[in-house]
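A.B. asks: The residues making up each chain are set out below.
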Amino acid sequence: MNATVLTPGFPELEPPRTFYTHKSGLLSWLLTTDHKRIAILYAITITLFFIMGGVAAAMMRINLVEPNGALLSPETYNKTFTFHGVVMVWFFLIPSIPATLGNFLLPLMIGARDLAFPRLNLFSWYLFVIGGGFTVTCLILGGVDTGWTFYTPYSTLFSNTNVILVAVGVFVTGFSTILTGLNFIVTTHKLRMPGMTWFKLPLFVWGMYAVSLVMVLATPVLAMTLSLIGLERVAHVGIFDPALGGDPLLFQHMFWFYSHPAVYIMILPAMGVVSEIIPCFARRKIFGYQFMVYALVGIAVIGFLVWGHHMFVAGMSPTAVLVFSILSFTIAVPSAIKVFNWTATLRRGQISFEAPMLYALGFVGLFMIGGMSGLMLAAPALDIPLHATYFVIAHFHYVMVGGTVMAYLGGIHYWWPKITGRLYSEAWAKFAAILMFFGFNFTFFPQYVLGYLGMPRRYHAYPPQFQLLNILSSAGASILAVSYLIPVLYLGWSLFQGARAGNNPWNARGLEWQTTSPPPKSNFLERPVVQKAYAYDEPAPGTPA
Amino acid sequence: MSATGLHFLLPEASANAHSVDVLWWSMVGLCAAIAIGVFVVMFVFCIRYRKGRPADHHLARETLPVELTWTVVPFLIFMGVFAWSLVLYARSRTPPADAETIYVVAKQWMWKIQHPGGQREINTLHVPEGIPIRLMMTSQDVIHSFYVPAFRVKQDVLPDRYTELWFTATRIGDYRLFCTQYCGLDHSRMGGEVIVMSPKAYAGWLDQHNTGTSLAEQGAALFRAKGCSGCHGPNASVHAPDLDGIYGRIVHLSDGSTVVADDRYIHDSIMLPDKQIVAGYAPIMPSFSGELTESQVLAIIAYLKSTRPGTAPAHESTKGTYKGTKP
Chain B
1 MNATVLTPGF
11 PELEPPRTFY
21 THKSGLLSWL
31 LTTDHKRIAI
41 LYAITITLFF
51 IMGGVAAAMM
61 RINLVEPNGA
71 LLSPETYNKT
81 FTFHGVVMVW
91 FFLIPSIPAT
101 LGNFLLPLMI
111 GARDLAFPRL
121 NLFSWYLFVI
131 GGGFTVTCLI
141 LGGVDTGWTF
151 YTPYSTLFSN
161 TNVILVAVGV
171 FVTGFSTILT
181 GLNFIVTTHK
191 LRMPGMTWFK
201 LPLFVWGMYA
211 VSLVMVLATP
221 VLAMTLSLIG
231 LERVAHVGIF
241 DPALGGDPLL
251 FQHMFWFYSH
261 PAVYIMILPA
271 MGVVSEIIPC
281 FARRKIFGYQ
291 FMVYALVGIA
301 VIGFLVWGHH
311 MFVAGMSPTA
321 VLVFSILSFT
331 IAVPSAIKVF
341 NWTATLRRGQ
351 ISFEAPMLYA
361 LGFVGLFMIG
371 GMSGLMLAAP
381 ALDIPLHATY
391 FVIAHFHYVM
401 VGGTVMAYLG
411 GIHYWWPKIT
421 GRLYSEAWAK
431 FAAILMFFGF
441 NFTFFPQYVL
451 GYLGMPRRYH
461 AYPPQFQLLN
471 ILSSAGASIL
481 AVSYLIPVLY
491 LGWSLFQGAR
501 AGNNPWNARG
511 LEWQTTSPPP
521 KSNFLERPVV
531 QKAYAYDEPA
541 PGTPA
Chain D
1 MSATGLHFLL
11 PEASANAHSV
21 DVLWWSMVGL
31 CAAIAIGVFV
41 VMFVFCIRYR
51 KGRPADHHLA
61 RETLPVELTW
71 TVVPFLIFMG
81 VFAWSLVLYA
91 RSRTPPADAE
101 TIYVVAKQWM
111 WKIQHPGGQR
121 EINTLHVPEG
131 IPIRLMMTSQ
141 DVIHSFYVPA
151 FRVKQDVLPD
161 RYTELWFTAT
171 RIGDYRLFCT
181 QYCGLDHSRM
191 GGEVIVMSPK
201 AYAGWLDQHN
211 TGTSLAEQGA
221 ALFRAKGCSG
231 CHGPNASVHA
241 PDLDGIYGRI
251 VHLSDGSTVV
261 ADDRYIHDSI
271 MLPDKQIVAG
281 YAPIMPSFSG
291 ELTESQVLAI
301 IAYLKSTRPG
311 TAPAHESTKG
321 TYKGTKP
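In the order they appear, the protein sequences are chains B and D. As numbered in the working numbering, the first sequence has no gaps in its residue numbers, which increase by one up to the final residue, 545. As numbered in the working numbering, the second sequence has no gaps in its residue numbers, which increase by one up to the final residue, 327.
Note that these hints are calculated values from the structure, not bench results. Quick caveat, the model's predicted, so the values are computed rather than measured. The C-beta atom is built at its ideal place from N, Cα and C for all residues, glycine as well. It is possible that some hints are incorrect.
[What the hints assert, rightly or not] Far from chain B, some chain D residues (derived; all Cβ distances over 10 Å):
| id | residue |
| --- | --- |
| 1 | I34 |
| 2 | E67 |
| 3 | T101 |
| 4 | P149 |
| 5 | V153 |
| 6 | P159 |
| 7 | R161 |
| 8 | A240 |
| 9 | D262 |
[Stated by the list, open to error] The following label-pair restraints were derived from C-beta to C-beta distances:
| id | chain 1 | residue 1 | chain 2 | residue 2 | range |
| --- | --- | --- | --- | --- | --- |
| 10 | D | V22 | B | V55 | 38 to 48 Å |
| 11 | D | A97 | B | I434 | 21 to 31 Å |
| 12 | B | N160 | D | G256 | 37 to 47 Å |
| 13 | D | I250 | B | V186 | 30 to 40 Å |
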């Protein structure tokens, strides 16, 4: 997908010219400062990373069909799960919604012409591509076997793999995240059009704002931690290695101080997407708008204070365990509020079930299951047996894949007509969404049971009594893989053959629906009309009442 | 536990396992109830308020009381679960005073076990039924984690640090031991078995595997062989602290602070002697970190423990017999 392919798709849309036809040629994309084009560059890049991470997942699932690990050697398996984790977390999930949908929609939703720093935005993408390309190259040529968590002293003293190089790659990519967050914060503060007050902002914008705060505050800690790893590995400065006078638990504290907020970097944008989709297809304003805002910000803030729940059995003091446990229970409250409010939004609606809505409803269900298994892990007495087993794997895949990936795809389907100007096959889209929901549960629910029965994570081989559940999980994964491939096909078809979408095919509210599809380079040809948020009880501006 | 066949229930093979399971199944029930409740409500709304169906589409005016309810009620439930969990957690962290200590040294990719009587084993741990067992654990290289699902116990094992866990096995049988902290190439093969025996059979096993020297005696031998006694012994020419009965005492340090001479303190004094200097002594002790293995340090600690007043000194102790088995 590049400019020369896309351009012929919209020749008849003149005037006005869309942001695709504004300029053409590969260079016009690589040197663009248009947030919409950069969003598309990101979308292409992260799709490639998602495919790579998915291939690694498939290799693991095939390997685990046999208890003795038939397909891969232990070394390859260890490198494969590291590849899967590093690529999926840093090069797909973290940038997924913010860098694509956020980049595209944030200025449109607040009535701005672009982000506050358009050139910085392009620079962020280059950092991302350089960091990502470098990391993936190092992971494929040689590999790293530490897991995406890089626990010391294994990563610093024992692993004979490309730890330093990958740390450098992730370090560079971290700056892309920080700069995107900075850009979003400034944009939200300074570029809202007149009349777009804070409490008229769509929850998607609030989600982007909250996640940007976390990105800017948490990611530097990752950079520091990775630098210290490098320092210890290269210069033998004692920071994490006890033999040099360091403390391995310090690494875990620093790593999770970043990586737990990173979990919220992945989920807050998803919550924003779902908060747009459900009101649109229920034809209702979101239930409890202000509570939803407070819940988003609350999650972002408390998210910084719960990292220790990854370390209940690591050798932390019982007092620390107590404090982190109670805070972890507390953060479940705003998450619960959100689930209840999404459900309540359906009440007295006029609900229709287009594909984005199916994804959004699927998100609510899977996020709830994932969140509640998180409650169990927040209880130290249960975390002791469950920690580092497949229960944890299932828990965070429910939140990250069942949650974030479902919401991302829901968002892609919801805004696809706006982004491309085309419609896709609704029937195929519904089919893929439903297949994905079942494939997902089929893959990951057995892993909850495996974890309860005691199967540890990161095992290349396992005792035979776990085999049946592993086969179920692998079978589910094959269904899940198919359900991810189907959208590639019908969305690709839609790019060239899809029917014209018109400005607002869903009759949705929000400024982005008041401009043309695809939008012109300057976003709006006419000044959009600001309504209250989710004004589904009012007619859309420009339509007869 | 047979190696094949399907198990959907874990055996409860330790004294605390049942109370953990009660919390676990209660949480499963609570979560299932909430999930089913939300799904049913969503489903009903989706049917009842689907597009094209005549329904009352008026907006609810006052949402605050509803929202406060579903903020406060979950919060109270969560705090209840937290308190419940905390009681169980406190119990899991507090070994009974009469617990027998067994030492565990982890290394890539095996578990080395040292019994106080001097018996050693690798990747198997024999324990008596009904007697509280406290494991003192350390690692020789990276972080590992000691996990026995049937006992519901897990604890990371760190280099240069002692961590501990305890359990009372309540059911005779063999139970799987896993390493659950990723530790490199053969992480998935780093496991073994905990073999729970009747106290009588256990005493027999101990006798059968008696090496002739208890752990404390091995420590006493090391204390001489490695030159510790040259400075710390009764006839030492060097000004060094007397270590007789040191274990459990309060030690005054040169920086004015005090510390209890526990396992960690003694370990660090041997391996990292510059870390804490005893008041009134010059920092002349060399580090033994290249000289002694973690297993040997454990033996020396066991020896120093045995010199406590009221404890039979190592050279007089009965050889590896197990006190808990006497009828």
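A.B. asks: Any hints from earlier that this structure breaks? Give me their numbers in increasing order, please.
C.D. replies: The structure conflicts with hints 1, 2, 4, 5, 6, 7, 11 and 13, although it agrees with all the remaining ones.
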